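Novice: Single-letter residue listing:
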Amino acid sequence: MTQSEKTNEMALLEIKDLHVEIDGKEILKGLDLAVDAGEVHAIMGPNGSGKSTLAYVLAGKADYAVSGGEVLFDGQNIFDLAPDERAAAGLFLAFQYPLEIPGVATMTFLRTALNAQRKRRGEAELSTPEFLKRVREVAGKLGIEPEMLRRAVNVGFSGGEKKRNEILQMALLEPRLAVLDETDSGLDIDALKIVADGVNHLRSPGRAFVVITHYQRLLNYIVPDVVHVLSRGRIVKTGGKELALELEARGYAEYQEEAVA
Amino acid sequence: MPNTRRRPWRDLVAARMVGPMNAEVAMIKTAAETALAHAYSQARTRLPGDDVIAAQREAAFALFAREGLPHRRVEEWKYTDLRALMRDAKPLASPPDAAAKARARTAGATLGDVETRRLVFVDGAFVPEISDIGALEPGLAVSSLAAALTDGDPALAAHLGRLAPSSDVAVALNTALMGDGAVIRIGASSTIERPLHLLFVASEKPAASFVRSLVVVERGARAMLIESHEGPPGSDYQVNAVLELFVGDEAHVDHVKMVAEGADALHVSTLAAAIGARARFNAFTYTSGGAVVRNQLFLNFDGEDTVAGIRGATLIKGRQHADTTLVANHIATGCQSREVFKAVLDDEAHGVFQGRIIVRPHAQKTDAKMMTQALLLSERAEADNKPELEIFADDVQCGHGATAGALDEELKFYLMARGIPAAEAEALLIRAFLGEAIEGIEHAGLREALMDAVVAWLGARR
Chain A
1 MTQSEKTNEM ALLEIKDLHV EIDGKEILKG LDLAVDAGEV HAIMGPNGSG KSTLAYVLAG
61 KADYAVSGGE VLFDGQNIFD LAPDERAAAG LFLAFQYPLE IPGVATMTFL RTALNAQRKR
121 RGEAELSTPE FLKRVREVAG KLGIEPEMLR RAVNVGFSGG EKKRNEILQM ALLEPRLAVL
181 DETDSGLDID ALKIVADGVN HLRSPGRAFV VITHYQRLLN YIVPDVVHVL SRGRIVKTGG
241 KELALELEAR GYAEYQEEAV A
Chain B
1001 MPNTRRRPWR DLVAARMVGP MNAEVAMIKT AAETALAHAY SQARTRLPGD DVIAAQREAA
1061 FALFAREGLP HRRVEEWKYT DLRALMRDAK PLASPPDAAA KARARTAGAT LGDVETRRLV
1121 FVDGAFVPEI SDIGALEPGL AVSSLAAALT DGDPALAAHL GRLAPSSDVA VALNTALMGD
1181 GAVIRIGASS TIERPLHLLF VASEKPAASF VRSLVVVERG ARAMLIESHE GPPGSDYQVN
1241 AVLELFVGDE AHVDHVKMVA EGADALHVST LAAAIGARAR FNAFTYTSGG AVVRNQLFLN
1301 FDGEDTVAGI RGATLIKGRQ HADTTLVANH IATGCQSREV FKAVLDDEAH GVFQGRIIVR
1361 PHAQKTDAKM MTQALLLSER AEADNKPELE IFADDVQCGH GATAGALDEE LKFYLMARGI
1421 PAAEAEALLI RAFLGEAIEG IEHAGLREAL MDAVVAWLGA RR
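Protein sequence lines correspond, in order, to chains A and B.
According to our numbering, the first sequence is numbered sequentially starting from 1.
According to our numbering, the second sequence is numbered sequentially starting from 1001.
Check each hint, because a few of them may be wrong.
[As the list claims (entries may be wrong)] Within a straight-line C-alpha distance of at most 20 Å, the following computed EDC-like cross-link-like pairs (lysine to aspartate or glutamate) qualify:
(1) K193/A <-> E161/A
(2) K1412/B <-> E39/A
(3) K162/A <-> D1395/B
(4) K61/A <-> E1409/B
(5) K61/A <-> E1410/B
(6) K119/A <-> E1410/B
(7) K1369/B <-> D1395/B
(8) K61/A <-> D1408/B
(9) K1412/B <-> D63/A
(10) K119/A <-> E1424/B
(11) K1365/B <-> E1390/B
(12) K1412/B <-> E1426/B
(13) K61/A <-> E39/A
(14) K1412/B <-> D74/A
(15) K1412/B <-> D190/A
(16) K61/A <-> E1424/B
(17) K61/A <-> E1426/B
[Said to hold, decoys possible] Residues of chain A clear of chain B, computed beta-carbon distances all greater than 10 Å:
(18) D36
(19) E123
(20) Y215
(21) E254
The set of hints was computed from the structure by calculation and includes no laboratory data.
Just so it is clear, the structure is predicted and the values come from calculations on it, not from any experiment.
We treat Cβ as the ideally placed atom computed from N, Cα and C, and that holds for glycine.
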């Protein structure tokens, strides 16, 4: 099935001709993307192609100005929603650089986030024992020590611990669409496997992933259904998982030229 | 780093008093100054105390008469121009009536479930019938200042006025006009488990109260002192409170002050403490109420190897003005002090922190670090932070830092990206910001009560 055929159906995420500027400079220049539930899409591209901009715009970061196009999440225009409303609707961004929040305990953060989402969806808040049980289950699978959960959010965490903490949040919040922004950066091979396992565990027919990465390596562990090449603010090529290997072998040079043409 | 160019605080004040500047500052008395002079002349013969006390009152009043109310050209009061801020002086409070006393029974709610021994003052007057003065623990002695002055308590004469800087005009006014307050003595090696709560409540009458308290904690004793000030909104009453606190060698004392005055009140309070050797001393100042608030702390580390935590949190909004001015004076060797002051300023609120650490020539091995941070929640809020070090010894570790800024938008976005609504995300970050100061309170119940007060303040923001 090709990309253009897909856009005619009701995709979980549908991005149409998206133009985004930051400080007056256009970064995304007519980006199209459709992701169906149950799929894993990889977006690969050189530095400066707009990968992180795409991730932040989807999550609702304030510094980005949308100058054209639309993004529908489950048929709803996400630009009508504040970042917290997008999260409650089932959109999750794993940050490339997870932030340290001194003074906010990880447990407080997780619980506040989970219950805020549940509340907005009209679901009952989790009791303390229910919540603790869920956190322990998920943390155990990701090799996260209980001691880490007692610390302030990401404070004193290694790069790998921060990324695992992102995956922990994702597993706990159970989003319908998770965008992973260079989650592999800064990870050694063991940490990479743990993160990939965490993602693979969550793969389900109702859930989709957009994995943003510079390198093919992560895709050995999270095998994508579709691979896109992002260059100079547009998707310039779409293919199967073999496209990632091709990029690894040949680099991005030809796509950068294509985008100019 | 040694720095001997600066002259000590008291010398500066003295220089200003006698210097040539004085001649040209022949200012016209403000309405408030005139009213204070009138109040003193009316009350002086009926204020409690013997001739010695009367002479102290006269001397203190003479200082005020000479200096007037402190104004912006007085360095220590630069950001809190009392002369401009105090439009009038209220009449001295008369003894509270039955209705005011009855209302005071429900005061002190901010403390939540913390079990305390309450000493209640209404409009500055001690009210024994609603205070817990029965079954005092061994080693604890409690009386009212008015009674102690009337009875000519010799211990009082030995301590009163020894610590509060007589050159400070606010202290001088308090000395001249002090009517009542608490006098507490905790005997050597006594442990007083139940926190002592000095609860100052203003009635609806817009009056002025001048309360003076004296607390002597003897060697090796353990006590916790809570001082809270509250009153109704809509009354522009005035409070001037001074607490002189003697902390003996090896004693362990916590002092927590909560300024929760009514929205239109003027509050000036002073903690003057002398801390002995190998003691532990913690002071916390929480300010959320009052139109104009000035918290003064004058702390002398007189004995060696004492460990102290001096902290505070201010949360103000609207057009509130709150000033915390601290002088931590390291006189003896080897003391450690940590100063952490946090302010959250919303709307057009104005927060001031002036913190001065002085290390005297003999105070080698002093370890003093001060941090002051202001969080501005509005473009129109203002923070003035003035940390200062004056170091006359050469083998010390001292440092200070000051920051002022808005909430971190990146952190807020991270929280919101996890589904936490904007207001809740801000509240989490503000609690974390203040937590660093509040966590320093050793008493768990009180720590929680203050965090609850923070949450309530944040809840009322929106």
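Novice: Are the hints correct? Go through all of them and say.
Specialist: Comparing the hints with the structure gives:
{"no.": "1", "hint": "K193/A <-> E161/A", "verdict": "holds, 13 Å"}
{"no.": "2", "hint": "K1412/B <-> E39/A", "verdict": "violated, 30 Å"}
{"no.": "3", "hint": "K162/A <-> D1395/B", "verdict": "violated, 41 Å"}
{"no.": "4", "hint": "K61/A <-> E1409/B", "verdict": "holds, 10 Å"}
{"no.": "5", "hint": "K61/A <-> E1410/B", "verdict": "holds, 9 Å"}
{"no.": "6", "hint": "K119/A <-> E1410/B", "verdict": "violated, 24 Å"}
{"no.": "7", "hint": "K1369/B <-> D1395/B", "verdict": "holds, 15 Å"}
{"no.": "8", "hint": "K61/A <-> D1408/B", "verdict": "holds, 13 Å"}
{"no.": "9", "hint": "K1412/B <-> D63/A", "verdict": "holds, 13 Å"}
{"no.": "10", "hint": "K119/A <-> E1424/B", "verdict": "holds, 13 Å"}
{"no.": "11", "hint": "K1365/B <-> E1390/B", "verdict": "holds, 15 Å"}
{"no.": "12", "hint": "K1412/B <-> E1426/B", "verdict": "holds, 7 Å"}
{"no.": "13", "hint": "K61/A <-> E39/A", "verdict": "violated, 25 Å"}
{"no.": "14", "hint": "K1412/B <-> D74/A", "verdict": "violated, 26 Å"}
{"no.": "15", "hint": "K1412/B <-> D190/A", "verdict": "violated, 31 Å"}
{"no.": "16", "hint": "K61/A <-> E1424/B", "verdict": "holds, 17 Å"}
{"no.": "17", "hint": "K61/A <-> E1426/B", "verdict": "holds, 16 Å"}
{"no.": "18", "hint": "D36", "verdict": "holds, 23 Å"}
{"no.": "19", "hint": "E123", "verdict": "holds, 12 Å"}
{"no.": "20", "hint": "Y215", "verdict": "holds, 24 Å"}
{"no.": "21", "hint": "E254", "verdict": "holds, 35 Å"}
In the structure shown, a violation is registered for the earlier hints numbered 2, 3, 6, 13, 14, 15, in ascending order.
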